[in-house]
Amino acid sequence: MKIVNRGSIRAHSAIARQTLRDLLRERLLYNVFFVALFLLFFGYLAALLVYGHQDRVMLDFGIMIDAFSIYFVAASAGARMLRKEIDDRTAYLPLSRPVSRPCYYFSKWCGIAGFLGLNLILLTAVLCVGLQLTGGHPTLALFQQMILIGVEAWIVAALSLWLSLFLRQGIAIMVSLAFLFLSHNHGPLALINIGWIKNALSVLTPDGRWFLLDTRVYYEMPLHWGGLAQRFGYGLLWAIFFILIGNAFFYRKNLQ
Amino acid sequence: MSERVLPLSVQNVSFSFGSKPALRDVSFDVNPGEVFALIGHNGAGKTTLFHLILGYKFARRGRISLFGKPALDAPSRRDLGYVPERAYLPMEQSLHSYLKYLGDLQNFDSGELNDEIERVASEVGLQAVLRQPMRSFSKGMLQKAMLAQALLGRPRLMILDEPMSGLDPDAREQLRARITGWKAQRKSVLFSTHALEDVEHLADRVMVLDQGVQNFLGPKDEWVKTVRGGER
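Protein chains in written order, with the numbering used here: chain A, 1 to 256; chain B, 257 to 488.
Because the hints were derived from the structure by calculation, they are not lab data. We treat Cβ as the ideally placed atom computed from N, Cα and C, and that holds for glycine. Hints are supplied without guarantee of correctness; some may be wrong.
[What the hints assert, rightly or not] Not the full set, but computed from the structure, chain B residues with beta-carbon under 10 Å of chain A:
1. F273
2. R280
3. F284
4. H307
5. Y312
6. F314
7. P331
8. R333
9. P340
10. R342
11. Y344
12. L345
13. Y357
14. L361
15. Q405
[Stated by the list, open to error] Derived DSS-like pairs: lysine-lysine, alpha-carbon spacing no greater than 27 Å straight-line:
16. B:K325 x B:K395
17. B:K276 x A:K253
18. A:K253 x B:K325
19. A:K84 x B:K395
20. A:K84 x A:K198
Start from the sequences and build out the full structure, keeping to the hints where you can.
So, in structure tokens, the structure goes:
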């Protein structure tokens, strides 16, 4: 049988696609998605109760709901995908092929990242419909915000994928979300004025403020492309950092 | 590749689960075209040894090579077919899409991959159900599916973990005939078993593991004499 291009790009893409397919079959993730849709609808109803600036209420609700649901999906997908394959041993046959563990691990994350991207596109589309219905309109700043939420979800997925190698699924999800909470509280926690906490936070967690555009979204003040690229790159570096750590663990892990 | 390159070489391999030793200083080779039987009770270390060969676990000491290359190098597994003891398959998926996935991992030419999938499916008699989800398969069909995935790409070394367990007499006979056929094609086979008659029918050489210790390594006839002698 002829073997083509010795590189592993085809293997990478096959594993990523397989992961994406597996995720599309997961009921839990659909449930989260439908809960998010329901909450967006609830946000729409809440906006209707407000006199004036209904679109801002929708925007506020929408971004918050989209962000929370995508973070939760990221944490659960990361905690579940590899762990499940190790536990039920379906990872055995792919790993008996000429596929390196780093390739397998990284491609798993790519599949999850693709799924999160799809999820985010759908939720953003629903939010845009909600905005139209409340008299607003989607803006460039909103799309930039959603991109940054997506990047942050990639970090959460990479972290939870790593944690799932040695923690139970539920704990991996909780720790990942706690990490996210800490990263969004660099500001308030810094007020504690204890040097080592500040230092530890700044070293161990990304600064969540990089991923929130806050008033820029409401006042339609998009970032310059350079600024967006900088924040995107910052998030990607953190995701890569966790992928590398996870890979180091997976590389020499004895499977059951 | 040269016939002189050993498909599998295991040298002084030791492994332990925590402080409990599972394999102690195990060494053997599998030659081209040889059928090699690994015998031992449950917990003797047979599956652990397979896992070390396949890179699922890492030996604490020793060296394992596949076709002259370290077994931990992913490309050395290109000519390897593995059938685990149980059907570790994604049941929601069809056999066709799963074989396609595995074929992609082996970097097969995509034009030829479909033909190869048809070939292995017809070889194990599953071509009619190729596009059905594997959850609808019977136990026998799942075992055939496991065999089909191992045959993908015509590997030169087959590793079979207790392949006869749970098979009815007909299926057992078919598998024996298949292993004999592979031997005729100069493929090497390493299989584990509890059944003495399988060893007598199939193996060229035998290794006996007892609680992780290599108790016997030699030609089948010698082992048969030892066992028969012990029975008398």
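Hints, one by one, checked against the model:
Annotation: B:F273 was flagged as interfacial toward chain A, and the flag holds, the nearest CB pair being 9 Å apart, inside 10 Å. Evaluation of the B:R280 hint against chain A yields a violated restraint, the C-beta minimum of about 17 Å exceeding 10 Å. Interface hint at B:F284: violated, since its Cβ lies 20 Å from the closest Cβ of chain A, which is beyond the 10 Å cut-off. Taking 10 Å as the C-beta contact cut-off toward chain A, the hint placing B:H307 at the interface holds, the least distance being around 7 Å.
With a least beta-carbon distance of about 4 Å to chain A, the hint placing B:Y312 at the interface is held under the 10 Å criterion. Evaluation of the B:F314 hint against chain A yields a held restraint, the C-beta minimum of about 6 Å falling below 10 Å. Below 10 Å, beta-carbon pairs count as interface contacts, and B:P331 has one with chain A at about 5 Å; its hint therefore holds. Restraint check, B:R333 versus chain A: the minimum CB separation of about 5 Å is within 10 Å; hint holds.
Satisfaction of the interface hint for B:P340 is found here, the shortest Cβ-Cβ separation to chain A being roughly 6 Å, below the 10 Å cut-off. Because the beta carbon of B:R342 sits about 8 Å from the nearest beta carbon in chain A, less than 10 Å, this interface hint is met. A cut of 10 Å between beta carbons decides the hint on B:Y344: the least distance to chain A is about 4 Å, and the hint holds. For the restraint placing B:L345 at the interface with chain A, the shortest Cβ-Cβ distance is roughly 7 Å, inside the 10 Å limit, so the hint holds.
The closest approach between the C-beta of B:Y357 and any C-beta of chain A is roughly 5 Å, which is under the 10 Å cut-off, so the hint is satisfied. Interface restraint check for B:L361: the shortest CB-CB distance to chain A comes to about 4 Å, inside 10 Å, so the restraint holds. Hint status for B:Q405 relative to chain A: holds, with the closest Cβ pair at about 6 Å, below 10 Å. Restraint check: the Cα-Cα separation between B:K325 and B:K395 comes to about 36 Å, which exceeds 27 Å; the hinted pair is violated.
Restraint check: the Cα-Cα separation between B:K276 and A:K253 comes to about 18 Å, which is no more than 27 Å; the hinted pair holds. Between the alpha carbons of A:K253 and B:K325 the distance comes to roughly 21 Å, so the proposed pair stays at or under 27 Å and holds. Proposed proximity of A:K84 and B:K395 is supported: the alpha carbons are some 22 Å apart, at most 27 Å. With a CA separation close to 36 Å, the supplied pair A:K84 and A:K198 exceeds the 27 Å bound.
Comparing the model with each earlier hint shows violations of hints 2, 3, 16, 20; every other hint is respected.
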